[in-house]
Amino acid sequence: MPRLLLFIPLVLFIILAGFLWKGLSIDPRELPSALLNKPFPEFSLAALQQPERILTKQDFMGQPVLVNVWATWCPSCRQEHAQLLTIAQTNSIPVIGLNYKDDRSAAMVWLQQLGNPYQFNIFDEAGMLGLDLGVYGAPETYLLDAQGIIRYRHVGVITEQVWQDLQNMIKGWGSVNE
Amino acid sequence: MIPEIGEFALIIALLLSVVLAVVPMYGATTANEMWMSYARPLAMGQFLFVIVSFICLGYAFAQDDFSVVYVAQHSNSQMPIQFKLSAIWGGHEGSLLLWALILCGWTFAVSRFSKALPLDMLARVLSVMGIIATGFISFLLITSSPFERYLPRFPADGADLNPLLQDFGLIVHPPMLYMGYVGFSVAFAFAIAALLSGRMDAAWARWSRPWTNVAWAFLGLGITLGSWWAYYELGWGGWWFWDPVENASLMPWLVGTALVHSLAVTEKRGVFKSWTLLLAIFAFSLSLLGTFLVRSGVLTSVHAFASDPERGFFILMLLAITMGGSLTLYAFKAPSVKSESSFSWLSREVLLLVNNVFLTVMAVTVLLGTLYPLLIDALGQGKISVGPPYFNAVFVPIMGTMAIAMGVSVAVRWRETSTETVLKTLWLPAVISLLMGLIFPFVYGSGFDMRVFLGISVSLWIISTVVSEFIGKFRNAQTLSSRLSQLSMSYYGMMLAHIGVAVTAIGITLVSTYSEERDMRMAKGDSVELAGYQFTFQGTQVVKGANYMADQATIEVTEDGQSVVTLHPEKRRYNVKRNMMTEADIDAGLFRDLYVALGEPLNEGEAWAVRVHYKPYVRWLWLGGILMALGGLLTAADKRYRKSSRKQESVHA
Amino acid sequence: MLMNKLTLGLLVLFCSSVSLAAIDVYQFDDPEKEKRFQELAYELRCPKCQNQNIADSNAEIAKDLRTKIQQMLVADKTNPEIIDYMVERYGDFVLYEPRVKPQTYLLWYGPALFLLLGLAIILWVIRGRRQSKESTAGNGVVLTTTEAKQLDALLNTKKGKQS
Chain H
1 MPRLLLFIPL VLFIILAGFL WKGLSIDPRE LPSALLNKPF PEFSLAALQQ
51 PERILTKQDF MGQPVLVNVW ATWCPSCRQE HAQLLTIAQT NSIPVIGLNY
101 KDDRSAAMVW LQQLGNPYQF NIFDEAGMLG LDLGVYGAPE TYLLDAQGII
151 RYRHVGVITE QVWQDLQNMI KGWGSVNE
Chain R
1 MIPEIGEFAL IIALLLSVVL AVVPMYGATT ANEMWMSYAR PLAMGQFLFV
51 IVSFICLGYA FAQDDFSVVY VAQHSNSQMP IQFKLSAIWG GHEGSLLLWA
101 LILCGWTFAV SRFSKALPLD MLARVLSVMG IIATGFISFL LITSSPFERY
151 LPRFPADGAD LNPLLQDFGL IVHPPMLYMG YVGFSVAFAF AIAALLSGRM
201 DAAWARWSRP WTNVAWAFLG LGITLGSWWA YYELGWGGWW FWDPVENASL
251 MPWLVGTALV HSLAVTEKRG VFKSWTLLLA IFAFSLSLLG TFLVRSGVLT
301 SVHAFASDPE RGFFILMLLA ITMGGSLTLY AFKAPSVKSE SSFSWLSREV
351 LLLVNNVFLT VMAVTVLLGT LYPLLIDALG QGKISVGPPY FNAVFVPIMG
401 TMAIAMGVSV AVRWRETSTE TVLKTLWLPA VISLLMGLIF PFVYGSGFDM
451 RVFLGISVSL WIISTVVSEF IGKFRNAQTL SSRLSQLSMS YYGMMLAHIG
501 VAVTAIGITL VSTYSEERDM RMAKGDSVEL AGYQFTFQGT QVVKGANYMA
551 DQATIEVTED GQSVVTLHPE KRRYNVKRNM MTEADIDAGL FRDLYVALGE
601 PLNEGEAWAV RVHYKPYVRW LWLGGILMAL GGLLTAADKR YRKSSRKQES
651 VHA
Chain U
1 MLMNKLTLGL LVLFCSSVSL AAIDVYQFDD PEKEKRFQEL AYELRCPKCQ
51 NQNIADSNAE IAKDLRTKIQ QMLVADKTNP EIIDYMVERY GDFVLYEPRV
101 KPQTYLLWYG PALFLLLGLA IILWVIRGRR QSKESTAGNG VVLTTTEAKQ
151 LDALLNTKKG KQS
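Protein chains in written order, with the numbering used here: chain H, 1 to 178; chain R, 1 to 653; chain U, 1 to 163.
Keep in mind that the hints were calculated from the coordinates and are not lab data. These numbers come from a predicted model, not from an experiment. Worth double-checking, as some hints may not be accurate.
Stated by the list, open to error - Derived DEER-like restraints, expressed as beta-carbon distance ranges:
(1) U:Gln38 with R:Lys577: 26 to 34 angstroms
(2) R:Val22 with H:Phe19: 28 to 36 angstroms
(3) R:Gln541 with H:Gln58: 54 to 62 angstroms
(4) H:Gln164 with U:Glu81: 40 to 48 angstroms
(5) R:Gly324 with H:Asn168: 35 to 43 angstroms
Where a beta carbon is used, it is the ideal one built from N, C-alpha and C, also for glycine.
Input sequences plus hints: build the corresponding full structure.
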């Protein structure tokens, strides 16, 4: 019996090593959204291009949408812009922009020069909708279902691969609903 | 050419370490004296070639050889020479080379200063260290060579070193810390050699004890320096953040502290052998685990190295081989509980065992808190954080209880002590420390404070028990000087280290209770009052450093109208990377620090955000750390470790 | 791999100024709230940065969160309300003091458990040792100081023979 006790340290170490090995494939910085499977927060903010137009959640409810958080001060947003334009061209899902803590005129210039993939843009100058949404840095992209429930958040640049994953996710819902 | 020589020297060092890992070990198993005797020259050769390699890298830094990728990424021609040289260990590759250098240095030291050791023991110890060196040097060569070149085109100038690292702290902190981390490899090697040879007697403890104490002292010094560096350099006046990287150094220190005590029991009384062996294995394994945590990127930390899962995988393999191998060996060969002596409930043996349990539980707690986010994440339970509020809540009660046991353990003797003797020695210290603890918050602060009462009482308890025990030693002495010289160095070392713990505890208690801080918007002529000091902002001017420009503020500090000091905090912009850095200015004192940091300019430079701190007794934290380290060194310098070797030589002669 | 580099670049952008202490000026109507502000800012983790609380971080998001805390304090919100607000948005990740719930039982109660376990093992070991001692009372090796010295001498000669 006491001999067996001497194996305890080894066993504990093997368990620890297992976790450490698993840890190597986990990114500790990647945060899942705290709002996953919860409704998109209520808001009432001006549109970017038409300051007099007030946007609310009702403006995009009723169908799955992508909400893309972007800003002109964010270099990675420039990187993903082409991919967003491609997504918009497929017409498979509306892309809503959330212009986050940005300068209105700079944002307008950006859209003119690079093209506008967005159906419309929510202008969140103070970043308070971003805060409600749990945004911690642009770019972030949220996938909402028809009920306005957040189903997925992607932090970082949208690539072709990410877009494929998103499409699969949307297809998945279709089959569940039928 | 020079970098290639460095790389080549490292390859030779690797070959030598492979031979060192195999030949003497094989010699020891087959009792082949010639093979065993290769250990010493191999250890020397290995050390020499790593030195050559290290000098080559230093030369590349000194000569601004930006064709070397590592140099180009961590240096710049504008940097002052002392920072160019300390930039050798400013990044992953170079610091790993420093690690290897220190490892080979320890190996060489063991081969030189262990004349007393039987040859088979020495051969095994050096071989185990050769195995570790093989692991680390191949890690360097395979994944992290600091000698890689940008070819054929290389940048005209280097990318500069992170300004935080362009500081005196970088020169001293990593070498000290690594001396400690790597030093535990000696204790580890002794433990493995003991397990392999089946020799785990008091002699074994005596050989391994001075090495362990020195390593422990260096680690403590390294941690102390790190804390002090963070305090003055990061600009927000904290001295411990419970960051994974800090925890990585604290865990081996805690286990090392347990080991130092357990070794004392094993040496003096021949008991707890298998426990001591286990601690020796753990102390070094936790050093390796720390390396893994810092360099693999599995945890987020403020001061982690550029992380890379591939490197993480390599270190994990090293960890699995050393730790898995040694624990397997331990499971099969550790001595079953066999006592050479007996002791009663109230004896130093039992109290030291209790102390070991406390220290181990503390180390496990730090490990648990550090890895818990990883565990939860790996089990798919989401992301959580474990930070200072957790560690403070759990750590402080354990530490406090242990401090009480510390006082008692000083007063009890080996084997057996009667309850009356203990009570006779302890009642006065108990009364004094409780009373002083009670009075202190009224005199120093504004009223009773539970934390201060407990903290001060416990600290004074540690000090007064040591002092009372010391005085007790003179009761039967004929003359003072005869008695003083009779007491051993290790006794003085113990006293010093225990007082160090108390000094640190006083510092922690007071600085965390009575610190004051204000964030202020200050324009020229504005002043703010903090803890009785008047801080007046006199404006800013632009100053030019070697490789940065800075806005330097002038802040006059007065107390009751009397000038105390003029402080010049800076906000620096480094030329190369354009990064900004806050350089705080501190008026240091034994009883209080005044700490001023400069924030952002407000209203186009009309006013500035300024943070002022009043930090009472903060120096005591580090003073205690230094005392503990000195205590460890004194113990290692005890006569008996040298005497036995001299006797040894006479036997040979 | 590329993704990693990109996120890293992003991080550098947001937290480039680790070395830059966050110092800003918030006004409070009463000193008690200022104290609570400091406490809260020290206990909440900046979601974007490497391991930093929002008091020390200079990242944009940390600034926003500080501003939000200040607003909520001025609006007379309690500490639990403020903490809940943050957790609703950023998850348990922002809490440096993890909540006590089944997933964290080991974390919170583990240390006490380990301590009891350790002390129990000591009791068990020493009792076992003393019992075996009593049964072999005659053979018990009890070293006095002189004996210890003899042992020293013995050990030294033993060493001598082997080397």
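Hints, one by one, checked against the model:
1. U:Gln38 with R:Lys577: 26 to 34 angstroms: 31 angstroms, holds
2. R:Val22 with H:Phe19: 28 to 36 angstroms: Once the Cβ atoms are compared, 33 angstroms apart, the range 28 to 36 angstroms for phenylalanine 19 of chain H and valine 22 of chain R holds.
3. R:Gln541 with H:Gln58: 54 to 62 angstroms: For glutamine 541 of chain R and glutamine 58 of chain H the Cβ distance comes to about 57 angstroms; the hint holds.
4. H:Gln164 with U:Glu81: 40 to 48 angstroms: Because 42 angstroms falls inside the window, the suggested range holds.
5. R:Gly324 with H:Asn168: 35 to 43 angstroms: Roughly 41 angstroms apart at Cβ, these two residues keep to the hinted range, so it holds.
Checked against the numbered hints listed earlier, the structure breaks none of them; every hint is satisfied.
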